[in-house]
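**Student:** Letter by letter, the chains look like this.
There are 2 protein chains.
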Amino acid sequence: MKTIRMALIGYGNVGQAFARMLKRREDYLKDTFDAKAIITGICTRSRGAVIRENGIDTEALTDDMFDKDKDAFAVIESGEYDVMMELTPINIMTGQPATDHVRRALDLGKHVITANKGPVAWHYRELRDLAKEKGVLFLHEATVMDGTPVYNLAKETLMGCEITEVSGIFNATTNFILTEMEKGVSFEDAVEEGRRQGFVEADASMDIDGWDAAAKLTALMNVLMDVQITPLEIDRTGIGEITREDIENAGTQGKRIKLLCRGRVEGGRPVGVVRPTLVDEGSLPTTMQGTASYVTIDTDLMGATTIIEEPFEPEIDHTAYGVLSDLLRILTETKE
Amino acid sequence: MKTIRMALIGYGNVGQAFARMLKRREDYLKDTFDAKAIITGICTRSRGAVIRENGIDTEALTDDMFDKDKDAFAVIESGEYDVMMELTPINIMTGQPATDHVRRALDLGKHVITANKGPVAWHYRELRDLAKEKGVLFLHEATVMDGTPVYNLAKETLMGCEITEVSGIFNATTNFILTEMEKGVSFEDAVEEGRRQGFVEADASMDIDGWDAAAKLTALMNVLMDVQITPLEIDRTGIGEITREDIENAGTQGKRIKLLCRGRVEGGRPVGVVRPTLVDEGSLPTTMQGTASYVTIDTDLMGATTIIEEPFEPEIDHTAYGVLSDLLRILTETKE
Chain A
1 MKTIRMALIG YGNVGQAFAR MLKRREDYLK DTFDAKAIIT GICTRSRGAV
51 IRENGIDTEA LTDDMFDKDK DAFAVIESGE YDVMMELTPI NIMTGQPATD
101 HVRRALDLGK HVITANKGPV AWHYRELRDL AKEKGVLFLH EATVMDGTPV
151 YNLAKETLMG CEITEVSGIF NATTNFILTE MEKGVSFEDA VEEGRRQGFV
201 EADASMDIDG WDAAAKLTAL MNVLMDVQIT PLEIDRTGIG EITREDIENA
251 GTQGKRIKLL CRGRVEGGRP VGVVRPTLVD EGSLPTTMQG TASYVTIDTD
301 LMGATTIIEE PFEPEIDHTA YGVLSDLLRI LTETKE
Chain B
1 MKTIRMALIG YGNVGQAFAR MLKRREDYLK DTFDAKAIIT GICTRSRGAV
51 IRENGIDTEA LTDDMFDKDK DAFAVIESGE YDVMMELTPI NIMTGQPATD
101 HVRRALDLGK HVITANKGPV AWHYRELRDL AKEKGVLFLH EATVMDGTPV
151 YNLAKETLMG CEITEVSGIF NATTNFILTE MEKGVSFEDA VEEGRRQGFV
201 EADASMDIDG WDAAAKLTAL MNVLMDVQIT PLEIDRTGIG EITREDIENA
251 GTQGKRIKLL CRGRVEGGRP VGVVRPTLVD EGSLPTTMQG TASYVTIDTD
301 LMGATTIIEE PFEPEIDHTA YGVLSDLLRI LTETKE
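Protein chains in written order, with the working numbering: chain A, 1 to 336; chain B, 1 to 336.
Among the hints, erroneous ones may be present.
Claimed, not checked - Under the rule of at most 27 Å between Cα atoms (straight-line distance), these lysine-lysine pairs were calculated in the BS3-like manner:
#, chain 1, residue 1, chain 2, residue 2
1, B, K335, B, K132
2, B, K155, A, K36
3, B, K335, B, K155
4, A, K335, B, K255
5, A, K2, B, K335
6, A, K183, B, K255
As the list claims (entries may be wrong) - If you want the footprint, here are the derived chain A segments under chain B, 3+ residues with CB under 8 Å:
#, segment
7, 12-20
8, 140-149
9, 152-163
10, 275-284
11, 293-303
Everything labelled a hint here was simulated from the structure, so no lab data went into it.
These numbers were taken from a predicted model, which means no experiment stands behind them.
Think of the CB as a built atom: it goes at the ideal place given N, C-alpha and C, for glycine as much as any other residue.
Let's have the full structure, built from the sequences with the hints guiding it.
**Tutor:** What follows is the structure, encoded as structure tokens:
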């Protein structure tokens, strides 16, 4: 039986949900790939790092197992793993230090899975080319719409199509806020409720100002349209200026306000827009309630295909599934 | 350069659109797979068969090239191909003669692509096992939602998930009729308009009575849930009894009528239902206008993922793309 070893850089909600999900699929890995997946390295910013070449029992993980003097690079450079998983919180404005983590692991000839969209939004082409040069995989399914297979939809199932446009609602937090405001809840209370439910960060400004949506649009365009842009180049407007009055006015016209994203290549130049937009009541975007989101991929051979992520369910970690699905892809592609 | 040879059993709209699409992607095949795809056999029910081991120039195809005494089996048994494409019109009540075509080709150790859902609805398990035994691929992406990648979504991108339910709107004709009736068009005029636009068969009863939707539901359940049922076992109600009054009554309750399909395993037994259903105005099914359709796949690890096929565009042949995408999958899987 083959053993695949993983180093988890970052071990918050996603990392822990991934470890639990992996346990649920132990038999599946054995039956399908004759493989066992073990976690040999974990590092967190506050606790330091654990490295155990024979595997870490995550259910028995305690604080005293961590070495406070070791950081992410100590784990990455230990080399005691086959797949590095970048699961640290994102810095949307720089993509760092996640990009450095990814670059270093690829450079050492390790497969990389990132749930952090920074590296894909800021340095996709460089990292893709480095992975290719090193003969390893650089996967990032969880970076847009969590585990909903949007990259794989395009790459694995729309093979041979030329992608002419990507569009949709990419940010769950702003969609949730707009949905709540339609019910009469204030902007501030909606943000607070999102925090209570656990999907809004302490600092919600990256969502509200459209940076998260811009980073996802950038990531999709870089990967699916083979362009090279950064979130700074997106024509971006957030929802911070939207008032209850705007929403009511839209309603009286039979419309609703949604934060729509759209990216295409115009005259050889990538053009990306994130903008609150009036949409007709009853159209697809208006069916996206709460934390739901969708991506539409326009192609030359197949027209438009849309994939929807349903609103978050508390018992399911969609992002962790995105990471698991990338691991299964590595197992598939490296199967003898 | 590798040459992959195809035999087209059936050469109507889909076969001809496929041949044109293949020409558009000649360079792509060369660049991506170092391959050339040629059509070495074509057969139609009325004209007979053409077999040219060096390839048929479909743009120069004339009636006198056909041998009237040769039928589908003559082409299949010629063996002068690597991939057999089953593109004949479906007989939903038997799945024949398409199933015999598929079985014979698989038995000869040929890959098979079917756009005809009969074999998948009636004999999936047998044919899947036969393909496995012979070490060839049996692909059928175009049988549900045309080229929209519903099987591949589940198999290639939701790997490791257990599929607990499939549901959605699977039949474009009935959805079109219901949409037209909501505008005040009569049932008969809506059917006539669908015929004029080319997507309604001369005999529309298979669509109207829900048989087409039932066959698609069966196909999805057989493939994605590993059960073994036939369209006869689906609890099926068509839209033939729906009146304009029913639709107006639904409207006054803030609802609309949609032909919904749902399949799941209950107590170890596959249960499939096709039935006109009242749905809330503004919910996802109500955004399916005209010939649009969707499939929702419920899973244990990822919750629900939905994929939408937009209304048909006259210039795009979605079904032909489904066939092409299966061909690309064969090229991917047989790449050295």
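**Student:** Does each hint fit the structure? Answer for all of them.
**Tutor:** Each hint, compared with the structure:
Between K335 of chain B and K132 of chain B, the direct Cα distance comes to roughly 18 Å. Compliance with the 27 Å bound is thereby established for this hinted pair. Restraint check for K155 of chain B and K36 of chain A: satisfied, since their Cα atoms lie roughly 21 Å apart, inside the 27 Å limit. A C-alpha spacing of about 19 Å is found between K335 of chain B and K155 of chain B, which places the hinted pair at or below 27 Å, so the restraint holds. Taking the CA atoms of K335 of chain A and K255 of chain B, the gap is near 50 Å; set against the 27 Å cutoff, the hint is violated.
For a cut-off of 27 Å, the pair hint linking K2 of chain A to K335 of chain B stands: about 24 Å separates their Cα positions. Proximity of K183 of chain A to K255 of chain B is assessed by CA-CA distance (about 20 Å); at most 27 Å being required, the pair is judged to hold. Counting residues of the segment 12-20 of chain A whose CB falls under 8 Å from any CB of chain B gives 0; the rule of at least 3 is not met. A count of 3 residues in the segment 140-149 of chain A with a Cβ less than 8 Å from any Cβ of chain B is obtained; the coverage claim is therefore met, three being the minimum.
A stretch counts as covered by a chain when three or more of its residues have a beta carbon under 8 Å from one of that chain; for the segment 152-163 of chain A and chain B the count is 8, and the coverage holds. Closer than 8 Å: that is the beta-carbon criterion, and the segment 275-284 of chain A has 4 residues meeting it against chain B, so the requirement of 3 holds. For the segment 293-303 of chain A, the assignment as covered by chain B holds, since 3 residues bring a beta-carbon within under 8 Å of that chain's beta-carbons and 3 suffice.
In this structure, the earlier hints numbered 4 and 7 are contradicted, and the remaining ones agree with it.
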